[in-house]
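Protein chains: 4
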Amino acid sequence: MVPRYTRPAMAEIWSPEARYRIWFEIEALAAEKMAELGTIPAGAAAAIRAGGGPKVAAMGAADVARIDEIESVTRHDVIAFLTWLGEGIGEDARYMHQGLTSSDVLDTCLAVQMTRAADLLIADVESVMSALKTRALEHKFTPTIGRSHGIHAEPTTFGLKLANHYAEFSRNRQRLIAARAEVATCALSGPIGTFASVDPRVEEHVAAKLGLAVEPVSTQVIPRDRHAAFFATLAVVAGAVERLSTEVRHLQRSEVREAEEFFHKGQKGSSAMPHKRNPVLSENLTGLARLVRGYAMPALENITLWHERDISHSSVERVIGPDATIALDFALMRLAGMMEKLTVYPERMDENLEGLGGVVHSQKVLLALTQAGMSREGAYSAVQQAAMATWLKLGKPDAQRFRENLLVQPEVSAVMSGAELDAAMDPQRDFRHVETIFARVFG
Amino acid sequence: MVPRYTRPAMAEIWSPEARYRIWFEIEALAAEKMAELGTIPAGAAAAIRAGGGPKVAAMGAADVARIDEIESVTRHDVIAFLTWLGEGIGEDARYMHQGLTSSDVLDTCLAVQMTRAADLLIADVESVMSALKTRALEHKFTPTIGRSHGIHAEPTTFGLKLANHYAEFSRNRQRLIAARAEVATCALSGPIGTFASVDPRVEEHVAAKLGLAVEPVSTQVIPRDRHAAFFATLAVVAGAVERLSTEVRHLQRSEVREAEEFFHKGQKGSSAMPHKRNPVLSENLTGLARLVRGYAMPALENITLWHERDISHSSVERVIGPDATIALDFALMRLAGMMEKLTVYPERMDENLEGLGGVVHSQKVLLALTQAGMSREGAYSAVQQAAMATWLKLGKPDAQRFRENLLVQPEVSAVMSGAELDAAMDPQRDFRHVETIFARVFG
Amino acid sequence: MVPRYTRPAMAEIWSPEARYRIWFEIEALAAEKMAELGTIPAGAAAAIRAGGGPKVAAMGAADVARIDEIESVTRHDVIAFLTWLGEGIGEDARYMHQGLTSSDVLDTCLAVQMTRAADLLIADVESVMSALKTRALEHKFTPTIGRSHGIHAEPTTFGLKLANHYAEFSRNRQRLIAARAEVATCALSGPIGTFASVDPRVEEHVAAKLGLAVEPVSTQVIPRDRHAAFFATLAVVAGAVERLSTEVRHLQRSEVREAEEFFHKGQKGSSAMPHKRNPVLSENLTGLARLVRGYAMPALENITLWHERDISHSSVERVIGPDATIALDFALMRLAGMMEKLTVYPERMDENLEGLGGVVHSQKVLLALTQAGMSREGAYSAVQQAAMATWLKLGKPDAQRFRENLLVQPEVSAVMSGAELDAAMDPQRDFRHVETIFARVFG
Amino acid sequence: MVPRYTRPAMAEIWSPEARYRIWFEIEALAAEKMAELGTIPAGAAAAIRAGGGPKVAAMGAADVARIDEIESVTRHDVIAFLTWLGEGIGEDARYMHQGLTSSDVLDTCLAVQMTRAADLLIADVESVMSALKTRALEHKFTPTIGRSHGIHAEPTTFGLKLANHYAEFSRNRQRLIAARAEVATCALSGPIGTFASVDPRVEEHVAAKLGLAVEPVSTQVIPRDRHAAFFATLAVVAGAVERLSTEVRHLQRSEVREAEEFFHKGQKGSSAMPHKRNPVLSENLTGLARLVRGYAMPALENITLWHERDISHSSVERVIGPDATIALDFALMRLAGMMEKLTVYPERMDENLEGLGGVVHSQKVLLALTQAGMSREGAYSAVQQAAMATWLKLGKPDAQRFRENLLVQPEVSAVMSGAELDAAMDPQRDFRHVETIFARVFG
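Chains as they are written, first to last, in this note's numbering: chain A, 1 to 443; chain B, 1 to 443; chain C, 1 to 443; chain D, 1 to 443.
To be clear, the hints were calculated from the coordinates, so they are not data collected in a lab. Fair warning: there could be bad hints in the mix.
Intra- or inter-copy, both count: the list cannot distinguish identical chains.
[Claimed, not checked] Pairs of lysine-lysine residues, derived as BS3-like cross-links and limited to a Cα-Cα distance of at most 27 angstroms, are as follows:
hint, residue 1, residue 2
1, Lys396, Lys133
2, Lys209, Lys140
3, Lys396, Lys341
4, Lys140, Lys55
5, Lys133, Lys55
6, Lys396, Lys140
7, Lys341, Lys393
8, Lys55, Lys393
So that you can see chain A by itself, here it is in the shape it has in the complex:
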């Protein structure tokens, strides 16, 4: 992932050093159990830990380069690492990796990396949730117009809008926890998954120490449906980022102006148009969501490996492993900050709410007319006629509000007085159940 969209903590998980340290831990843990089981000499495990531990703890860019150099000869990454590592261990190095296959190390390492990445992403989602909750409570009763199809519908509150997004991220938190469990398995089952040359208890030991579950049955690899489910989940989370970003983009439109991304001092909106304050963060997030969605496709194709494995998944994972998690981590934290600092304009919300002359109360009026005795069809027709009359003269000198256009109709005034109409249209009616919904969402 390009540096611009990379946060250090997530990048660190995918660094060569981090990878090699996990590799070592797997090899060292495996050796310890093998020594305990008597497969290798007891001293060998200790020697591996003693010789390798400090070496990987201290490793830096030069060591990574040295391993790359060895790999350019062996054309095999795990062998290259073991060769480098062996130089610090001596004779007993030959007891490392016994009965294992490279994928035992690679796939278990990937499991550790993906669970770490998931932990960060879960924390990120919690940051978004925290920002949304704060702002939702702040604007619990800030009236604003609800829109369907981009058209004013009925009043709602800005807090309710945010509560809805909070609930989506709350679901995504659960999905990420499930996705984490999907990939949190360990396989040390040998070249074809039969444990031909390694005792299953070694796998159990390493899994337990690494906080992973045992993969019940592996081939040479941990099955890729797990990883596909993980990346598909990231795509669903990205959808939530895009939906909330799209909401902000809409609210910041020049004609709407109900909310605005925080504008930094010194920021220039446009090289040409100095008045411009653009929702560039949320637009950026929209693009990042597309990227994360796109990464799900190769992950889904990766499921179908040939027989006990082919290595086609590897090039995909080398790229999307970091790229999808880094992009989503960045997106979530950008979103959290954006929502924390979002400038909200309640007065402008009020203006928009009243902007259509009151027709947004049509449903409540329709209901009141029906209850006052009109047929549904008659009420519908009366309301539609008044609404259209209001709509078509919006902003015109001879404009009349919805209320007036209703009362001029004899069928309406026959069943309801102006006061009754006002009562029916009272926006507070719309907010009667806000507490109920907040209780459902925030508990």
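Add chains B, C and D to chain A, keeping to what the hints say.
Quick look at chains B, C and D alone, frame taken from chain A:
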């Protein structure tokens, strides 16, 4: 979905009649609660149930056409249905749908349809699991070569191969159960989700009666991340279908011939080549998996609706709702049948297992040599040399097996006798842990 | 594709009858050339034409069912058809299909169907172009605000907006023509593409008669990169549908109201809110675009067939062949109609254009100030300050327009008079090159 | 893209230095034309060229860091660059970028980068074509079995297989040329595409100098259907990479062994199984193809920008611009090298060709029997019976070849002698038209 890939039970879920019956049930249940709460006259709910119930129960193609006809005027499907329904109810029809919005009915109906579809898919996966379990137990100890990269690796058993696929479908069963829960929610919260004109208790009542959870906060619609997660799960399941199908395609290759799809009497493999028996079912399943994977993309894009909703998701769901579930239902049941009837050729598996002159035992030999005192590098070199010598003369008159090519090396014969080598290469060593793995998978 | 999104002309191309007629034509043409070459008796070709021609011309649903019935025994569609066809030909039927393989017929038929579908789609795009051109010319100089990031930027004209979309559809027309050529090839090269039992001149003859190019080298099938390129092109075209639809959705927003989809008599916008007039067509088109985009993925995966072919592409194409072309055909024609009848509100465009107090002229002012001698930084700062002052008081009682906020700055008034400022801000300056652009686009 | 899959020439195109040099070139060229038109002082253009030219020519990592630093304040990349550049130009710097908008520079720069990337990709494809042509001519008449559904079908030649892939890459070369033309346009049309403050002749001048076409009508941006078509084309090319790689993976299978990736000295196939020689290059290419395919999806979604532009496309392009072109460049050149050095085993091809006892000649026999007077149904039945008899005893002690199983049938021996049968089955009949096909493909 084309009829060729459509099974009646799944198609029925998506039929217009089924949809209208669910719509009616929602309206009738809502009316009952409203009557109880006193929002509408007590008699109205009874009249709706009495007048509408038999009408929808008896509805047929002519009624569907009649509703379509009304819709061509109203340009609104729910209004068209209510108009048709009202004809059978009379006066009290005006009490239907009070305070609700079309999406309350549409989305809750979709939830019912998707959970029904999920139930079928879960049962389908169980059929695949059942077929796989039977065949896995049958071939628990049928030796076959394990392959990585398409290259012979080490012996495994055919039962173990199938156990691995069983475990994947078992995970997919869990995923489908989770996906079903994702979409099993009911929303009856009015035009913008505020319950402005409908009591939340109506929603609770309808949800409980339909076996759904209450959607904690809706806008005009049930949020689409739920549906996206559902269709993404179908894509993961489709990956499992493709992986197992690809295994069968490989096993049936002319050079492999270890298994074969059941060949029907009267079936013609090719219009031109009468000897052909092609794995057409598994190839067909590969294509169907691509389709189901493809349907996940628009579902993921559907998450981002504008404000409280736009209707862009609708055309997508009208198509992929049926298409993705019908295609996957067909694919799973075709797969189940295919695996039940798969012809397995254990003798041919044996021939292939021995086909590379014994080099497939190299890992076990490598380990034995290391344990007999050779350095890992030395042992690796000796084993690779013997393996290459065997490999390069495969099928030649002067071919020697791996065993012989090992023993001619002084470094090898210095540490191991022929008998020790035979013991090291004993295939039964590979199967020591099959029971352990089966216990993990099948419990 | 569901009937709702299906137009008869496109559906007809994919009907069984149409397919069988093309199959017959291929077989009959091949027989004619074979007879000419002496491969089969001269009379056989005539008999095939005489016996089969009327039979396929007259075929109906019962015949289709009969062929399905035969296929349920033979499990092979082409053999089933030939069997049915042979009943009408007699003895000479055995000379049909000589040296050919099923795919020769199937793939060449698909080429004919796809080129016919492409012809319809090209005509559809031309309908969209025609509607756009008419409306673009009508509104060539209708001023409207140009928006970047959803924020008012500078004036443009509504005609220019439409010209931009016209240009995109014009590119898509060219892409569809290229995509049509991609798939317009004929292969009659026998079971493995070697012409082992069929003369290449037969292929040349059939290709010429069907208006197709000869596939230079086929295997058993026409290579699927051609079809992938075709469906990927449909996805690009769908993007244009979505972009224009999104424009309309934005213009119809309650706060914008610059244009509106035509509202039919009797149409009801909402079951609950009678005042609603929703951009449901363009929202629907947005969803259809997602579908067509999704269909490109399995088409791209279809490229990788095994060896000389596997049949995994077939299930994909049975579905997306019709579905992608039918959905796009419907979408394009709906779009054409929608643009033809789009209600445009120039007065409202004017209101919005002036809605931000004149800050939308900032770039022209910035330039004028620079030319009048201010440094770019100084001018930028002055303009930004005035723009911000205007922006922050929009709609407030003490609001001042951009012009005034500029002139109060001594640095500005030192270099420009009010009249000079008015000249710099004259919107006609923005439209100086509209004719140039129109000439580029419409020629 | 990770370094492992990055070749320097392609990476260079996307480096910050390359980008800034193109930005400068655009600004300098625009200034030259503006000076010529009298929009800015004549001396300014010369000063910009003289001051900026050496500065960008000499720029290095420290300059890039300096620009990043400025951007962290301005939050605008083009302004940051112009500020940095202006330091080297002095007073006249204020005449840079007059009447332009950032996107004029960014999008025209992207056009230059994408055409350069396309040039590399076209050259890569030509390398693949060159390797394929050499090997196709080398193996023009190397017999091998053609396979459909993975099942032996009829003889073909290895050269013919390669010619087929050559033809696909030849089509892809044409597609890349078309894709290059799609994105090779220049827009310098100002903030909203109206040329409000810049003369269209400036755009024409810059376009001509950069070897680009003029974008007929832009908004603030060059329309993204162009880029979508470009990335979709890369996905189609990636499909060809995957198809050929899949062929190699199949040929290298242990049971097939007809070809093999070149095995490097020192390479270790497996850390555990020294005999393993795995098709890791072609498997790697399969994964890379998935990646490139995945990148097409966000590019397709990028088409739908809001109004005259939003910036959601930018984050996508920052990533997939480099990633898709770098991955495909790497994949193509890896493929070219792999095909150049592919080890081919003609003897093994012969063994496989004969491996099914001659049934692969069934189609030729079927035809001969028909021509000798049997009915098609009778001939088909005889051939199928003989083929099945041969097939079912393959490798058994009492196996009989297809020829023998035919001649024992009285219906067959009644119409054909053994010698006639041998003539009908002569493999040379299969290769009669190889020259014709080669002439079609290679001209």
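Legend entry - Violated hints - listed by number, lowest first: 1, 2, 4, 5 and 8
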